[in-house]
Amino acid sequence: MDDGTDTIEVEIEEAAPGLSTGTASAALAAAALLAACGGGGGAEPGGSASPAAPATTPATPAAPPPTRRDAARFLSQATFGAIGPAQVDALVTQGFDGWLTAQFAKPAALHIDYLNSQRGRDQKAGEKPYLAEETSYEAVWQQWLTGEDQLRARVSWALLQTFVISNIAPDIRPVAMSSYMDMLNRNAFGSWRTLLQDVALHPAMGYYLNMLESEKENAAKGTHPNENFAREVLQLFSIGLIQLNADGTPKLDSAGKTQPTYDEAVVKGFAKAFSGWSYGALDNTKASQFHDHDDNNEALWVVPMKAWASYHSPGDKLLLDGKTLPAGQTPEKDMADALDAIFQHPNVPPFFAKQLIQRLVTSNPSAAYVGRVAAVFVNDGSGVRGNLKAVVRAVLMDAEARGDSPAANVAKQREPVIRFANMLRGLGAKSTSGLNRIQYLDSSDDALGQSPLLAPSVFNFYSPGYRPAGPIAAQGWVAPEFQISGETAVASSLNFFADLFNGGGYGWPEQHRLNLDLASLAALDATALIDRLDLLFFNLGMSATTRSRLTKLVAAIDSKTESVKAALIVTALSPDHVIQR
Amino acid sequence: MKRRHLLQLGAAAALNPWAQMRALAQTAPAARDYRALVCVFMFGGNDGNNLLVPTDARYAAYQRARPNLALSSGTLLPLTLSNATGLALHPAFTGLQGLVNTGQGSVIANIGPLLQPTTKAQYDARSVPLPNNLFSHSDQQGAWQSGVVDAPARNGWGGRLLERAVAEGQANRGYAAISLSGGNIWEAGDKSLTPYRVSASGRFGFDFYDPNAKAGSDPLSAAVAATLAETRSHPFEQTWLNMMGRSIEVQRVLASALASSSVATPFPDTGLGRQLGMAAKLIAARGALGLSRQCFFTSIGGFDTHGDDQLQRQAELFAEIDAAVTAFNTAMTAQGLADSVTLFSASDFGRNLTSNGAGTDHGWGSHHFAVGGAARGVNGRKLLGRMPDLTLNGPDDVGQGVWLPTTATDQLGTELARWFGADATTLAAVWPHGGGFDRLAGWA
Numbered sequence: 000m001d002d003g004t005d006t007i008e009v010e011i012e013e014a015a016p017g018l019s020t021g022t023a024s025a026a027l028a029a030a031a032l033l034a035a036c037g038g039g040g041g042a043e044p045g046g047s048a049s050p051a052a053p054a055t056t057p058a059t060p061a062a063p064p065p066t067r068r069d070a071a072r073f074l075s076q077a078t079f080g081a082i083g084p085a086q087v088d089a090l091v092t093q094g095f096d097g098w099l100t101a102q103f104a105k106p107a108a109l110h111i112d113y114l115n116s117q118r119g120r121d122q123k124a125g126e127k128p129y130l131a132e133e134t135s136y137e138a139v140w141q142q143w144l145t146g147e148d149q150l151r152a153r154v155s156w157a158l159l160q161t162f163v164i165s166n167i168a169p170d171i172r173p174v175a176m177s178s179y180m181d182m183l184n185r186n187a188f189g190s191w192r193t194l195l196q197d198v199a200l201h202p203a204m205g206y207y208l209n210m211l212e213s214e215k216e217n218a219a220k221g222t223h224p225n226e227n228f229a230r231e232v233l234q235l236f237s238i239g240l241i242q243l244n245a246d247g248t249p250k251l252d253s254a255g256k257t258q259p260t261y262d263e264a265v266v267k268g269f270a271k272a273f274s275g276w277s278y279g280a281l282d283n284t285k286a287s288q289f290h291d292h293d294d295n296n297e298a299l300w301v302v303p304m305k306a307w308a309s310y311h312s313p314g315d316k317l318l319l320d321g322k323t324l325p326a327g328q329t330p331e332k333d334m335a336d337a338l339d340a341i342f343q344h345p346n347v348p349p350f351f352a353k354q355l356i357q358r359l360v361t362s363n364p365s366a367a368y369v370g371r372v373a374a375v376f377v378n379d380g381s382g383v384r385g386n387l388k389a390v391v392r393a394v395l396m397d398a399e400a401r402g403d404s405p406a407a408n409v410a411k412q413r414e415p416v417i418r419f420a421n422m423l424r425g426l427g428a429k430s431t432s433g434l435n436r437i438q439y440l441d442s443s444d445d446a447l448g449q450s451p452l453l454a455p456s457v458f459n460f461y462s463p464g465y466r467p468a469g470p471i472a473a474q475g476w477v478a479p480e481f482q483i484s485g486e487t488a489v490a491s492s493l494n495f496f497a498d499l500f501n502g503g504g505y506g507w508p509e510q511h512r513l514n515l516d517l518a519s520l521a522a523l524d525a526t527a528l529i530d531r532l533d534l535l536f537f538n539l540g541m542s543a544t545t546r547s548r549l550t551k552l553v554a555a556i557d558s559k560t561e562s563v564k565a566a567l568i569v570t571a572l573s574p575d576h577v578i579q580r
Numbered sequence: 000m001k002r003r004h005l006l007q008l009g010a011a012a013a014l015n016p017w018a019q020m021r022a023l024a025q026t027a028p029a030a031r032d033y034r035a036l037v038c039v040f041m042f043g044g045n046d047g048n049n050l051l052v053p054t055d056a057r058y059a060a061y062q063r064a065r066p067n068l069a070l071s072s073g074t075l076l077p078l079t080l081s082n083a084t085g086l087a088l089h090p091a092f093t094g095l096q097g098l099v100n101t102g103q104g105s106v107i108a109n110i111g112p113l114l115q116p117t118t119k120a121q122y123d124a125r126s127v128p129l130p131n132n133l134f135s136h137s138d139q140q141g142a143w144q145s146g147v148v149d150a151p152a153r154n155g156w157g158g159r160l161l162e163r164a165v166a167e168g169q170a171n172r173g174y175a176a177i178s179l180s181g182g183n184i185w186e187a188g189d190k191s192l193t194p195y196r197v198s199a200s201g202r203f204g205f206d207f208y209d210p211n212a213k214a215g216s217d218p219l220s221a222a223v224a225a226t227l228a229e230t231r232s233h234p235f236e237q238t239w240l241n242m243m244g245r246s247i248e249v250q251r252v253l254a255s256a257l258a259s260s261s262v263a264t265p266f267p268d269t270g271l272g273r274q275l276g277m278a279a280k281l282i283a284a285r286g287a288l289g290l291s292r293q294c295f296f297t298s299i300g301g302f303d304t305h306g307d308d309q310l311q312r313q314a315e316l317f318a319e320i321d322a323a324v325t326a327f328n329t330a331m332t333a334q335g336l337a338d339s340v341t342l343f344s345a346s347d348f349g350r351n352l353t354s355n356g357a358g359t360d361h362g363w364g365s366h367h368f369a370v371g372g373a374a375r376g377v378n379g380r381k382l383l384g385r386m387p388d389l390t391l392n393g394p395d396d397v398g399q400g401v402w403l404p405t406t407a408t409d410q411l412g413t414e415l416a417r418w419f420g421a422d423a424t425t426l427a428a429v430w431p432h433g434g435g436f437d438r439l440a441g442w443a
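Top to bottom, those sequences are chains S and B.
Residue 63 in numbering that gives the first Met the number 0 sits at position 64 of the first sequence, and the numbers go up by one each step.
Residue 69 in numbering that gives the first Met the number 0 sits at position 70 of the second sequence, and the numbers go up by one each step.
Incorrect hints may have been included.
Said to hold, decoys possible - Taking lysine-lysine and the DSS-like style, the derived pairs with C-alpha atoms no more than 27 Å apart in a straight line are:
#: 1; chain 1: S; residue 1: K429; chain 2: S; residue 2: K559
#: 2; chain 1: S; residue 1: K256; chain 2: B; residue 2: K213
#: 3; chain 1: B; residue 1: K119; chain 2: S; residue 2: K559
#: 4; chain 1: S; residue 1: K220; chain 2: B; residue 2: K119
#: 5; chain 1: S; residue 1: K332; chain 2: S; residue 2: K322
Keep in mind that the hints were calculated from the coordinates and are not lab data.
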């Protein structure tokens, strides 16, 4: 319903402590708090622009306690790795529902706070303190390794792999990257519509996909609005290239062919709708500030973008499925309408559901599983669309994800960074300082071939549809994580793990080195050791052949510490560890 | 960006790859009739408009269309082509200029995926079938590498070529397609061939595993060997074992082959320099592998220049390409292989002649180059294909300076396949739509 004020609601990012108060208040003043237009087109329940109200959980009968095996499986789906038997036992007692409820309430430490604590750490006397980009990566690992909000960490990592930003080429500033991570953390259990808006207006994304300072068309200069974000927000972040059924299967026409969701004219239409936005910390009553500013001003990078009407495309804009925005709307109204149009597209629920399932549970969910989760996206049970908390719960509690003996299609390769986190957490890795120095792991020559915030492109590390030749393709399955499992990367990552175990830790200088607690494992007898490895690294699903192999190995090595290291090396390459079932 | 580059250099320098070597029994004598194709894939969609630039009356249209991105004519590197005038290269291509002008390479104009010869009127009316998803990175990378533009790419024209050029059962067939840059579709075959991914740093295999350890002496190696020897019923687990098995194979075969070959030519210590340097070493070691037909995939990224750093970005990337390609050509010449190895560039697509105010957006037809092998001698020092008319909204422009290709990838690909030894049957399998096009313009 149009109440005459064309505005959109924008979440204000709290100015990070450490920024000068001058810039902080300017940032808050400049970022406009605007009331939502209720969204056109009738009384759609749970209006498109307002954040979802928390879903009232309908009363459910008390579930039987999970088995230890299913609890271990759950921890590998919902956290960055089990830390010990007590944790598994506690989960059995608490139950999955209780655990989820507690996790939804856990606060997230701000990555920006970590950055500010590290400001100037490498500077010599007299040098101006600066923020190294490595601090943004360390902040991610701090959350993954030490954060109690493990489920939030897993979900925001999944979101980062869909709504990708990457520092692999364009030099995104660390405050921008960490502010973006904080935004994903804030939205992980909120509304998908709010998430989409916060992504679209975050200056890190604006910089990465060039929506920042994209201008309306100019016939004299021969320029047109930038199409990069307009294209990728459709292709990669929300609806994909082909029309989908509610269960994620492709919608075929009468000739059995897939149908495209949009064409170039639509991309151009969205590009126009997204034109005219620049840094939210600037003064949008001054046309000159649209382009002219000092990129080194950190305040520019942590506040949502805002619009300059004079740079916004005035004409009509073709959106999805023939919907056209009329000429002359404000940039804020065009933005709200464009994001609403995406949000309401029928592809979004199955597209998002399938990718979230792929990141947490399995590469090849059944169409029915996708359909069930997509249905929760459409309506969380209280009439709200896009309730991420409900969707996350649906992904993890679906019958296909649960149980002691998953069906054959329930399998995924645990990506390299998750296996590294799993090893560090399971082996009690701690530094004297409590911090870490995990920075660049993306080399596939001598590291893991994967590193957070360093994806090779906006297409993430791997594509949702990647299909390696051989037995996986023969099943008609996909296995995205195998896209970075070439012979080089496999050898490199296994050498990396061997170095980790043999060296007893990772990182430098000394006070920040994460030291593994191998002594606790060395104190166990052989059977207890292998049982412990089974719980930490195999989801209590170690195969008989792996068990007998480890038993034989441990028996053949006299030194307890050396036998532990050898057992860990073999664990790291065992298929029943690498593949999560 | 520079800091990360230093880190990568440091890591590479610290490695000692030749920990375990065995003398490799020669499986076949070195092939006399050796042919190799080397792809340099520019990921992101290179703006070819700034690679090959007119210097004659057409320059005015070029400058008018992109005043913020036009290279100044005084800095361009003139080409003295045998069949065209008024063309020059981006200032960074000093080496390539020399190669083209001495007949060791050629330039290809306005090439891109097409299903059949297509006019602008047909494109506007959508009255003929067009390639799918023309402006999508992943689909167009697939289109260039697969040669199949109307269906999702499952395998590549390089792979299909090798499936037919290298007999099944030929020893070391698994090394016919080598990638220095990760997985790629170009080298994936339609039967069983997959590209062998090799590290450009020369580090192979598992440091902690000795496949020749004597029984009882090394329990860890024994356990690793036992893991590798398993068969797992779950496809994901078996695939993981397969990948590990292939990694170990490198340690046994390629390390030994490389130990017996050497390349004296220095290569730049850049990403592409290391890839082409390793490719040169592997080509020098071809005798140990006994293969007479190979493909090599290399790549360099960063070409998706939507932003205002396009000029700087292209200057850096083109300089990296120029130095690496020039060194590669020198190395091939030194090996007596100048006529045996064809290196060619490729990219997702070209970009708009006009600008989005900062950089450029996705286009279609683009300009490329080829060096050595098929692009030497009678087909060197040429313009292959036809430059587009640079008039905006003109006969080659399908929107804001996006070029409708005047040459299809099939046309270049067909000539490269023929040079590689493909007969008519093979050509039909490698380039199924190739028969619908004329021969590449300018090709002798």
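For each hint given before, does the structure comply? Return the numbers of the non-compliant ones in rising order. Numbers 2 and 3, in rising order.
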